[in-house]
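J.: Sequence:
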Amino acid sequence: MTASKSNLVIATSETVAGFEIVQTLGLVRGSTVRAKHIGSDIVASLRNLVGGEVKEYASLLAGAREQAMDRMLAEAQAMGADAVVAVRMQTSAIQQTASEVLCYGTAVKLAPKA
Numbered sequence: 550m551t552a553s554k555s556n557l558v559i560a561t562s563e564t565v566a567g568f569e570i571v572q573t574l575g576l577v578r579g580s581t582v583r584a585k586h587i588g589s590d591i592v593a594s595l596r597n598l599v600g601g602e603v604k605e606y607a608s609l610l611a612g613a614r615e616q617a618m619d620r621m622l623a624e625a626q627a628m629g630a631d632a633v634v635a636v637r638m639q640t641s642a643i644q645q646t647a648s649e650v651l652c653y654g655t656a657v658k659l660a661p662k663a
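Just so we're on the same page, the numbering used here is the position in the sequence shown counted from 1, plus 549.
Note that these hints are calculated values from the structure, not bench results.
For glycine and all other residues, C-beta sits at the position ideal for the given N, C-alpha and C.
Hints should not be assumed to be uniformly reliable.
As the list claims (entries may be wrong) - Across the chosen pairs, the derived CB separations fall in these ranges:
#1 640 <-> 567: 27 to 35 Å
#2 569 <-> 642: 38 to 46 Å
#3 607 <-> 658: 32 to 40 Å
#4 607 <-> 662: 20 to 28 Å
#5 646 <-> 564: 38 to 46 Å
#6 623 <-> 561: 16 to 24 Å
#7 567 <-> 619: 24 to 32 Å
#8 582 <-> 628: 20 to 28 Å
Full structure from sequences and hints, please.
T.: Structure representation (structure tokens):
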């Protein structure tokens with residue numbers, strides 16, 4: 550469980566320790582599609598020759614994951630959620646040069662356990 554910059558609790562579990570889910574608001578999701586840059590492709594090709602992390606692609610995907618999560622959280626906030634549980638991320642290739650990152654979960658209202 551983590552607290553996000555939007556003050557919503559984000560959990561990959563279906564529950565939040567110390568709280569009970571009092572209302573399920575529904576599915577929330579955020580996604581983004583990112584394309585590779587030709588400059589990154591050239592550097593990545595060179596790294597393939599010598600091995601190692603392809604930092605240009607790692608950075609691209611990290612930014613995409615962050616944006617997808619931010620969009621999911623904005624949707625949850627608009628619904629009045631306290632948390633998003635059962636959060637998952639998925640990546641898929643749209644074409645040879647572009648990938649989609651999808652973040653989804655269930656927006657819920659919480660109350661402290663008695």
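J.: A separate judgement is required for each hint: does it hold in the structure or not?
T.: Okay, the hints, checked on the actual structure:
1. 640 <-> 567: 27 to 35 Å: For residue 640 and residue 567 the Cβ distance comes to about 32 Å; the hint holds.
2. 569 <-> 642: 38 to 46 Å: holds, 40 Å
3. 607 <-> 658: 32 to 40 Å: holds, 36 Å
4. 607 <-> 662: 20 to 28 Å: violated, 40 Å
5. 646 <-> 564: 38 to 46 Å: For residue 564 against residue 646, whose Cβ atoms are near 40 Å apart, the range 38 to 46 Å holds.
6. 623 <-> 561: 16 to 24 Å: holds, 19 Å
7. 567 <-> 619: 24 to 32 Å: holds, 26 Å
8. 582 <-> 628: 20 to 28 Å: holds, 24 Å
Comparing the model with each earlier hint shows a violation of hint 4 alone; every other hint is respected.
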